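J.: This is what each chain is made of:
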Amino acid sequence: MTQDDFDRLQGLLASRAGFRLGRDRIHLAEHRLAPVARREGFDSVDAMLQTLWVKPVASLGWAVIEAMLNPETWFRRDRAVFDTFAGELLPAISRVRPGGRVQVWSAGCSTGQEAYSLAMGALSAGVTADIVATDLSQRAIDKARSGLFSAFEIQRGLSARTMLDWFEPAEDAWSAVPRLKDAVRFARHNLLDAPTDGARFDVILCRNVLADVDPAQRGQIVDHLERRLMDDGVLILGAEERIEGDTMAFRAVGGRKGLYVKAPSALSRAA
Amino acid sequence: MGGEAARRFLPLGDVSLVEVRTCLIVDDSRIIRKVARRIVEGLGFEVDEAADGVEALTHCGGLMPDVILLDWNMPVMDGMGFLKRLREQPGGDRPKVLFCTIETAPERIAEALGAGADDYVMKPFDGEILQSKLSEVGAV
Ligand SMILES: C[S@@+](CC[C@H](N)C(=O)[O-])C[C@H]1O[C@@H](n2cnc3c(N)ncnc32)[C@H](O)[C@@H]1O
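Residue numbers (this note's numbering), protein chains in the order written: chain E, 1 to 271; chain D, 1 to 140.
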């Protein structure tokens, strides 16, 4: 891959996904794109990129973008937040919602571990939650929807007891039981796209996504999240992530890592 | 050696003066013990090894470790036999015991948990799995 190819790749990721590809990532790019080139029937990564630059077919462009995103995730990542979610947020919100239904969105869900962790919490707490989980990567969404996890994936973050309660062996993988699978609805979605409908959520998780986003585009994504969040809703970021520099619309919840609520100035703007 | 490297190679740093967490690895395979030792030491534990349940019991009679990684099938005394006797010993309820075996059948996993294991790890495992398991049982 030439430096020029890499620069264009950086530009593609930034404009379409808001993703900041570090300048030192050229070898990673070659490594990640090799299987894509093979899958798409090209002789080499270089050949694939030349075709893409000349004839930017959307499906090929997205396949390239997807391969470069960072999919790392695991079950109950930053454990404390899942206990807060199931033990405090869900019961409190459920009490003040019609029929006790709580609307939850896992934004940037990767292969689904976060969303299934939320669902296990809600089902165990006996709270009715509609959980939607989205990601830009179609491959990640397909895997998430399958509910299948390797022995490595299933053990990362889940105790054996929890694993036995919610998953059953399937060939050499573990499969989410139907009750768990049915509790999450997966869909492809780009966080750069503005909301086009009125769907609102009580709890939005957008964890370990903004960390890789181009600073110039973080504000836009946070704004979209804000418009999707109920006035009394909660935004949950990764435990070490902060958005004070990107927005005035949220303020951090004291003593609760990664939790944000709307700042008074942002309330009912849309109402 | 830069600060980052120093932290990695001297994982205990200055906390070692305050508290050393100990881990006993019980497995009849020397290779598995070696792999597990590397991972657990990386998490800041001081490690001892035993090749079967009897050796492990002798060790625990002298010094109760904080964490025990326990194989199931071993000569002399297997993991189940060890676990039952350990839990009957004074202070034997304190160590967090993680079964680490190649058994993946749900019935076997349930059997191990029923016998008093705190968690269960299917082999092969890596550092990320072990770290998350240990933090789930509150050992790190
Ligand atoms: C590091 S993973 C985090 C997964 C999970 N939230 C967690 O914390 O474990 C980041 C995910 O964000 C997704 N992502 C990155 N840019 C995105 C965008 N513009 N729209 C939607 N998803 C995006 C990536 O595909 C990836 O799956």
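Don't read these hints as lab results, they were simulated from the structure. One or more of the hints may lead you astray.
[As the list claims (entries may be wrong)] Lysine-lysine pairs mimicking BS3-like chemistry, simulated, CA-CA at most 27 angstroms apart:
#1 D:K123 with E:K143
#2 D:K96 with D:K34
#3 D:K123 with D:K96
#4 E:K181 with D:K123
#5 D:K84 with D:K34
#6 D:K123 with D:K84
[As the list claims (entries may be wrong)] Facing chain D, a subset of chain E residues (Cβ under 7 angstroms, in silico):
#7 L60
#8 A151
#9 G157
#10 S159
#11 A160
Source: prediction; values computed, not measured. C-beta: ideal position from N, C-alpha, C; glycine also.
J.: Identify every previously stated hint that the structure contradicts and give their numbers, smallest first.
T.: 7
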